[in-house]
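**Q** Read top to bottom, the protein sequences are chains A and B.
Residues 1 to 305 (this note's numbering) make up the first sequence, in order.
Residues 1001 to 1249 (this note's numbering) make up the second sequence, in order.
Note that these hints are calculated values from the structure, not bench results.
Heads up, the beta-carbon is just placed ideally off N, CA and C, and yes, glycines get one too.
Do not take every clue at face value.
Cut-off 25 angstroms, straight-line C-alpha distance, at most; resulting in silico cross-link-like pairs (BS3-like, lysine-lysine) [unchecked claim]: (1) Lys70(A) / Lys1244(B); (2) Lys1244(B) / Lys90(A); (3) Lys90(A) / Lys1007(B); (4) Lys124(A) / Lys1014(B); (5) Lys108(A) / Lys1244(B); (6) Lys137(A) / Lys1007(B); (7) Lys1014(B) / Lys90(A); (8) Lys1090(B) / Lys137(A); (9) Lys1007(B) / Lys124(A); (10) Lys1014(B) / Lys137(A); (11) Lys70(A) / Lys1090(B); (12) Lys1126(B) / Lys1014(B); (13) Lys74(A) / Lys1090(B); (14) Lys70(A) / Lys124(A).
Covered by chain B, per the in silico footprint, the following chain A stretches (three or more residues, Cβ under 8 angstroms) [what the hints assert, rightly or not]: (15) 79-92; (16) 96-102.
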Amino acid sequence: MTPVIHASGVRKSYGATVAVHEVSFDVHEGEIFGLIGPNGAGKTTTMECIEGLRTPDCGAISVLGLDPFKDVYKLQDRIGVQLQQAQLQKRIKVWEAVGLWVSLYQKKALDGERLLEQLGLAAKRDTWFMNLSGGQKQRLFIALALMNDPEVVFLDELTTGLDPQSRRAIWDLVRDIRARGKTVFLTTHLMEEAERLCDRVAIMEHGRIIDIDRPDDLVNRHCPERTVILATDNPIAEERFRAIPGVETVIRTDSRFTVRGRGDDLVTEVVHCLSENAIRVTDFRTILPNLEDVFLKLTGRSIRE
Amino acid sequence: MLRGLWKLTWLEIKIFLREPLGAFGTIVIPVLVFLVVGRVVGHGVPPGALAANNFLQVGLPVLASVLIAVSAVLSLVTIISIYREGGILKRLRATPLRPQTILTAHVIVKLILTAATLAVLVLAGKRYYPVGVHAPLFSFTIALLISTWSILSIGFLIASIVPTARFAQPIGAFIMYPMVAVSGLFVPVAALPPVLRIVARVVPLTYAVSLLEGIWKGEAWSAHMGDIAALVLVFVICTALSTKVFRWE
Chain A
1 MTPVIHASGV
11 RKSYGATVAV
21 HEVSFDVHEG
31 EIFGLIGPNG
41 AGKTTTMECI
51 EGLRTPDCGA
61 ISVLGLDPFK
71 DVYKLQDRIG
81 VQLQQAQLQK
91 RIKVWEAVGL
101 WVSLYQKKAL
111 DGERLLEQLG
121 LAAKRDTWFM
131 NLSGGQKQRL
141 FIALALMNDP
151 EVVFLDELTT
161 GLDPQSRRAI
171 WDLVRDIRAR
181 GKTVFLTTHL
191 MEEAERLCDR
201 VAIMEHGRII
211 DIDRPDDLVN
221 RHCPERTVIL
231 ATDNPIAEER
241 FRAIPGVETV
251 IRTDSRFTVR
261 GRGDDLVTEV
271 VHCLSENAIR
281 VTDFRTILPN
291 LEDVFLKLTG
301 RSIRE
Chain B
1001 MLRGLWKLTW
1011 LEIKIFLREP
1021 LGAFGTIVIP
1031 VLVFLVVGRV
1041 VGHGVPPGAL
1051 AANNFLQVGL
1061 PVLASVLIAV
1071 SAVLSLVTII
1081 SIYREGGILK
1091 RLRATPLRPQ
1101 TILTAHVIVK
1111 LILTAATLAV
1121 LVLAGKRYYP
1131 VGVHAPLFSF
1141 TIALLISTWS
1151 ILSIGFLIAS
1161 IVPTARFAQP
1171 IGAFIMYPMV
1181 AVSGLFVPVA
1191 ALPPVLRIVA
1201 RVVPLTYAVS
1211 LLEGIWKGEA
1221 WSAHMGDIAA
1231 LVLVFVICTA
1241 LSTKVFRWE
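My request is simple: use the sequences and hints to build the entire structure.
**A** Laid out in structure tokens, this is it:
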């Protein structure tokens, strides 16, 4: 199967600053692909090169078999784009923006009114853009990105600045897009968003992609450590925990134990040990690494810095 | 190619009229200048005072028309810089809209508003102006639209160099109003000091003023082909330069 998006050796610099160095990746049909990394990593520049809004200095890009530069209008007809920090005319009404977008596409557009309904904007259809809240503006931009029922949807930092509730609603919406067989390409600096939404992620830092894989596989590959915290008064516990296969350290503070080891089986082994030795515990927690830890491991710094 | 042009033009007109000062600045002010100055100068002018009458019959209507065109340009510069700074231009570009379509819509909006303002000016003039308005209005409208269309291309050039939306209006005014001053509206070009005369020759507004004055006085189009050629040349040069230096974000 040919990839929906193919990028190889893409490079883009602004003056002396190289924003994107030789970036290569493929995005497949029907997946949610995330470009993750801190602000300034080059995610938006990479995405805008793929959308045909910027010309890379070198490298090859194809989207739906089209060249984003030569075939930019053909491409725009088939993709949907949500840009970071975009605005519309201050005094354009919601339904006017929707009507304009509907008129721009050759293919039959989606039912705008229904889309507004789905996104909770139906009551705001006569409101000027400038009077919408941040979350409403974001939802309008998502509506506009979906208006032409695009084959590929590009979402750049789609939930930045939204409250947790709107964020979850938008995640559901993105999953709906995938459920309809569309491909989603998104960028985010929120690791939780990437873990919950993306089928595959590319970790980007300083204009380079460091690794690409499914979130779980990235975690298993780079951060195989597992930690179990439990509390027990059983005097033989410490000795038994040390004997569990895969355990590397056991730290005891009064009746609390921190058991560290490697591999997916660690938690199972701990539970097995507890039941086999009839150890009664009053607390049991696991700490599993996530993409945030992967990023720290790969770059030596936190993504929030 | 023109997909979305009319829709966008119509939307931009509506959006413009919703601006609190949009309609006031571009439509009301030139009309007020025309009426108030006309009243003040016209008040107590003896019928034989040639200079004053000439000003009332030709100078002031043409001045008011040039103000319409200049305010269209300033408004264009402001809108384009606000749209660029807010990412609106970029958002519109990430659609099948051609970049030319987006800019053409704005030019059409300004031309329509120019024609509308002129109509208000003429209607107000018929009713309140001391000497009345007797000019070939159809030809004059065409002449004003050609002039506006030509100098709007200067607007795009200014919009390309304006760093932020905050400076759009002042920089635009700083470039446009001195052009008005030497355009022959207040002092005939022939009466200017030699240096300013050379400046006047390269300032596009000079040709607009010459065309507008001539057509207003009832002169033939054929007498002003040179002016029209100059205005077309200005459009071609500014548009060519704009496509090189125009920034979308």
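**Q** Enumerate the violated hints, using their earlier numbering and listing them in ascending order.
**A** 2, 5, 12 and 14
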